[in-house]
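Same order as they appear, the protein sequences are chains A and B. Number 97 in the numbering used here belongs to position 97 of the first sequence; there are no gaps in the numbering. Just add 197 to wherever you are in the second sequence, counting from 1, and you've got the numbering used here.
Since the hints were derived computationally from the structure, they do not count as laboratory data. Please read all numbers here as calculations on a predicted model, not as lab measurements. No residue lacks a Cβ here, since even glycine has one placed at the ideal position from N, Cα and C. A portion of the hints provided could be inaccurate.
As the list claims (entries may be wrong) - Among the chain B residues that face chain A by a calculated CB cut under 10 Å, a handful are: (1) D238; (2) G290; (3) Q355.
To be verified - Dumping the calculated DSS-like pairs for lysine-lysine here, alpha-carbon to alpha-carbon at most 30 Å: (4) A:K31 <-> A:K21; (5) A:K111 <-> B:K218; (6) B:K218 <-> B:K248; (7) B:K308 <-> A:K21; (8) B:K248 <-> A:K111; (9) A:K51 <-> B:K319.
Chain by chain, the residues run as shown.
Protein chains: 2
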Amino acid sequence: MATPSVYLAGPDVFLPDPRAKAAAMQAICRKHGLLGRFPLDADLDLAGLRKNEQGLAICRANERLIRECDGVLANLTPFRGPSADVGTAFEVGFARALGKRIVGYTEVDAKYRERVIAHFGKTSMRRRDDGVLQDPAGMSVEDFDLVDNLMLDGAVIQSGGAVIRPADVGEPGVSVFEWAVRTLARLLEQGVRHGKR
Amino acid sequence: MATPSVYLAGPDVFLPDPRAKAAAMQAICRKHGLLGRFPLDADLDLAGLRKNEQGLAICRANERLIRECDGVLANLTPFRGPSADVGTAFEVGFARALGKRIVGYTEVDAKYRERVIAHFGKTSMRRRDDGVLQDPAGMSVEDFDLVDNLMLDGAVIQSGGAVIRPADVGEPGVSVFEWAVRTLARLLEQGVRHGKR
């Protein structure tokens, strides 16, 4: 049986040394029998392309990588605000429509509602007459006891996966990323046993 | 020929009166020969469900709505940070994987890089030795002359669509939303002529 491959979605591509992070994540994937594919793996030749054409070429390469993978590990740690990185959210949606198995993970335990309140500050929030909580712009705050927007949690859970927070890690000394890898590895193995791949 | 239907993705569902906004958007869609479908249209019975089960049920209904539609109009106006709403980003990814036509729009002219700098404040930004701009967390800032994360712009453009900013509206008195509707209506009409639907 071929080694299942998983796409490593997340804002890790924006780290000062994304390739070092990718290598570390790929080593953990290997340990659990998975081939980790990182967005920068495509190694595109962007020379001579205008800025926006470079962006479109990277987009095409990432879409292709996701199509080729059996599953997606999505880093949903809040990025530049109370929610996940939008590029990662896009990729979760893309993978979900293709029926891929998805496991999300985040370095933050607080759920979405709590994070929005912390982001704006408790005293900046308002409550409508019907009890709905609103941010300072008057936009209501989701109240579904989920880690992020319901489309993200919903798609991950309904793909058979889970969104792993630090509090969910069931073994001391194991990182939330490694716990997510183990969860996805088991999920993909079950898929094989049930003939779902 | 059946009226093409388009899914109205965006953080408009969080407005104080989302149904009023939906009705206004749907009227503009009708004017241009499109049937606008709003996330809340499914009118789910959520009574008796736990909070997280409600979220998952709404997620399933929205995924179904997107599958049923011919195209997606995505409100990419920044939401609780410098980027678009992650639920909308998810839906753009979902639609893209299904090969739907997508047109994005935003109420803000500034592109992503400029918005990130404004979000953190110019003096909080750092520049690496190789010239790459970093936010205060040390995360590099995309430099692709695009409206948001390259996956969003890339997918919209490569679906045949465009991301419409106020500056792109070619007729006085027309809203950015209506311009986006017109753009998508033409795109879907061309798809029919070319037998692509």
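Tested hints:
A hinted interface residue such as D238 (chain B) counts as satisfied when its beta carbon comes closer than 10 Å to some beta carbon of chain A; here the least separation is about 16 Å, so the hint is violated. A cut of 10 Å between beta carbons decides the hint on G290 (chain B): the least distance to chain A is about 3 Å, and the hint holds. Against a cut-off of 10 Å between C-beta atoms, the interface hint on Q355 (chain B) holds, since the closest Cβ of chain A lies about 6 Å away. This hinted pair checks out: K31 (chain A) and K21 (chain A) have alpha carbons roughly 16 Å apart, not beyond 30 Å.
Between K111 (chain A) and K218 (chain B) the alpha-carbon distance is near 28 Å, which keeps this suggested pair within the 30 Å criterion. A C-alpha spacing of about 25 Å is found between K218 (chain B) and K248 (chain B), which places the hinted pair at or below 30 Å, so the restraint holds. With a C-alpha separation of about 28 Å, the suggested pairing of K308 (chain B) with K21 (chain A) holds against the 30 Å cut-off. Among the hinted pairs, K248 (chain B) with K111 (chain A) is consistent with the structure: their alpha-carbon atoms are about 13 Å apart, no more than 30 Å.
Taking the CA atoms of K51 (chain A) and K319 (chain B), the gap is near 22 Å; set against the 30 Å cutoff, the hint holds.
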